[in-house]
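Q: Just so we're aligned: the sequence shown equals residues 987 to 1081 in the numbering used here.
These are computed hints drawn from the structure, not numbers from a lab. One thing to keep in mind: the hints can contain errors.
[Claimed, not checked] No more than 20 Å apart at the CA atoms, straight line, and that leaves these computed lysine to aspartate or glutamate pairs for EDC-like:
id, residue 1, residue 2
1, 1011, 1035
2, 1009, 999
3, 1009, 991
4, 1011, 999
5, 1011, 1040
6, 1011, 991
7, 1011, 1062
8, 1009, 1035
9, 1071, 1040
10, 1071, 988
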Amino acid sequence: MEVVDLRTLRPLDVATILASASKTKRVVVVHEAVRRNGFGAELAAIVQEELFGELAGPVLRVTAPNTPVPYAGILEQAFLPGQDKIAAAVRSLAG
């Protein structure tokens, strides 16, 4: 398992992303934005387009739900993707 923590989106370090995905053969994209039209979708598309034949499974995305961001702190915590959702996604790819 490997974690690539993107510090910037521009410039985007595509080479590092693809090298990691090529090595592990699995990708989970995690971000706090909603699933639709988020940058995670763009990352997933880049990996799928470049490494489709090499991947052991689909690129998974762990994101916030497609709802407005809640204002209350307790609701915001439930809204954001947490370690349980991330761990479940990683386990599902592990086989």
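Q: Verify the proposed pairing of residue 1009 with residue 991, using a straight-line Cα cut of 20 Å.
A: Distance ~16 Å between residue 1009 and residue 991 Cα, so the pair holds.
Q: Do the alpha carbons of residue 1011 and residue 999 lie within 20 Å of each other, as the hint requires?
A: Judged against 20 Å, a Cα distance of about 18 Å means the pair holds.
Q: Just to be careful, I want the Cα atoms of residue 1011 and residue 991 compared with a cutoff of 20 Å; is the pair within it?
A: holds (17 Å)
Q: Please work out if residue 1009 and residue 999 have their alpha carbons no farther apart than 20 Å.
A: Status holds; Cα separation ~16 Å.
Q: Run the distance test for residue 1071 versus residue 988: straight-line Cα separation, threshold 20 Å.
A: Holds, at roughly 17 Å.
Q: Is the Cα-Cα distance between residue 1009 and residue 1035 20 Å or less?
A: Cα-Cα ~16 Å, so holds.
Q: Given the hint that residue 1071 pairs with residue 1040, test it: the Cα-Cα distance must not exceed 20 Å.
A: violated (25 Å)
Q: With a cut-off of 20 Å on the C-alpha distance, tell me whether residue 1011 and residue 1062 pass.
A: violated (33 Å)
Q: Given the hint that residue 1011 pairs with residue 1040, test it: the Cα-Cα distance must not exceed 20 Å.
A: holds (6 Å)
Q: Below or equal to 20 Å on CA atoms is what counts here, so check residue 1011 against residue 1035.
A: OK: residue 1011 and residue 1035 at ~14 Å, within 20 Å.
Consistency note: the structure conflicts with the earlier hints numbered 7 and 9.
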